[in-house]
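Engineer: Chains as they are written, first to last, in the numbering used here: chain A, 1 to 96; chain P, 1 to 513.
Hints listed in this document are in silico derivations from the structure and should not be mistaken for laboratory results.
Be aware that one or more of the hints could be misleading.
Said to hold, decoys possible - DSBU-like cross-link-like pairs, simulated, lysine-lysine; straight-line CA separation at most 35 Å:
1) 295/P to 10/A
2) 112/P to 97/P
3) 112/P to 10/A
4) 260/P to 56/P
5) 417/P to 97/P
6) 417/P to 303/P
7) 112/P to 303/P
8) 347/P to 10/A
9) 56/P to 38/P
10) 295/P to 260/P
11) 10/A to 97/P
12) 295/P to 406/P
None of these values were measured; they are calculated from a predicted model.
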Amino acid sequence: MAITRETVEKVALLARLRLSEQELETMTDQLGHIVGYVDQLSEVDTEGVEPMAHAVEVTNVFAEDVVQPSLSREQALANAPRSNDRGYLVPAVLGD
Amino acid sequence: MSLLDRSATDLLSDLQSGELSSVELTQAALGRIEQTDKQVGAFLYQDAESALGTAKSIDQRRQAGEQLGLLAGLPVAVKDVLCDQNTLATCASQMLKNFRPPYDSTVVAKLKAADAVLIGRTNMDEFAMGGSTENSSVQLTRNPWDLECAPGGSSGGAAACVAAGMAPLSIGTDTGGSIRQPAGLCGVVGMKPTYGRVSRYGLIAFASSLDQVGPLARTTSDAALLLEAISGHDPRDSTSLNQPVPAYSQTIDKPLENLKVGIVREHFAEGLDSEVERAVRDAIAVYESLGTEVKEVSLPHSKYGVAAYYVIAPSEASSNLARYDGAHYGHRTDQAEMMAELAAERKELEEAGDTRGLDNLDTPLIRMYRRSRAEGFGPEVKRRIMLGTYALSAGYYDAYYLKALKVRRLIRQDYDKAFEEVDVIAGPVTAAPAFKLGEMVDDPLAMYLVDLYTVSANLAGLPGISLPCGQSESGLPIGLQLQGPPLQEERLLRAAHMYEQETDWHTRRPTSI
């Protein structure tokens, strides 16, 4: 599957990345090569094969519904780029 | 012989008998780091005072006759991807350059409980993505055997610090070969345990279904000791296996009777360096000389391992790394600059009467995410996020992601079949000895192929160990890889130890530093 610049721009938006002109160009080229290599997977007959999402088949792991100690608000906010004492501060989500 | 040329097991017995104090040993390690790390660049940062404080308190507790942990007094280096409360954990990324986790990862907690002395944080490829440690956003790590060569990756710092005698033990992580490959290229022992053997709680995630923490050390006995200290069930990691941990360090000396070693037909195909092939075949001959049966087996889907890996790992990475959005922690772009940029773009589109462009313009929040991520992540991380997002996007999911998961099962089934016939599989770790720094930086696909012999074990969840088995003519180490069925770490360690007892490769030391 050929990778076009338009595809790369669209994927960059989905991935929440902003790429420079130079990066868009390099990325188009490199992703093209890598996807070209990965395309060899299509040679493999996988008819009737169940996908394997995990290396070790684990069934659901349940925990008792008991309240456990967790991070304090202060600890949770300690690494925030911007916060007041109560929560994370971000640019306006609706409107300006 | 300097103190740090000795094995961790030897040092431990001297610590236990009182011939050596942990303070002396820690000082020796810090001195060695001071002396050699300017050249090697294995450590990102250290806290000498804190390490010496821990060492001193362990010495005091020993003198008071207290019962101490498995690693009491031994310096251990930790890859900068595992959380240690209030200590920087950067993943060698600008994104996390100021991140101080508010909690300990289970592995770090276990090291502390085992009374290890945490000696420093080691360099790595950013977010553990890479095969040479050249993707670190902080510094270059050099291979102690040849300073012009890469140490391998992504646990390059972890392997180099052991090879250079700066720490007797270190912790790495292996998603596609990131412990075994640098161990092979740096001439040390490195082990990836069975997926789920070691807790991933507090390990900064790259590809959750593949990542596994493991030991790097000088000898198989040392690796056994460290693995024993970090293994075990953890209710905080839902993928952790609830199985008892064997006393690896107690059984390592016992040779395996009637061992059957498998060699994989596909491992000796085109592309394997002739010196590596010779060293690995010689190693297999050592097993034969011990009366071991050697049998050829086939892993027909192994040639698709790299392709399946480079769909699955980036897909999981694109999802895991979505948490770095500049809102909760990590790097955030300058808000005033960002708002000015958006305003300028809006003005330009308005003046041009481009209503479609205006509709497509990012909101301030999305622009914050995009700029923060663009500034915080390096090129390889961006490449993998893009690759994963592409493989998971509508229209490509079935052709890439789902297909790769099916091939993953075929790879596992090949192994299951092979292990009906043999106990362990022996083969190369890498196709060639250490490559020159800079040689592959512009060719990501070539770099991905260095994982050829290691990725399949991650896809299948199997344990694997790399140990020194030779040297190239130019003096670079060559590694032997042994792989085994799930939870057979003990078998692998004992089989590796049988080889180690017959050769002296593990006693060789780099001379360039």
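Engineer: Taking the earlier hints as the rules, which of them does this structure contradict?
Structural biologist: Hint check: 1, 3, 4, 5 and 7 fail, others pass.
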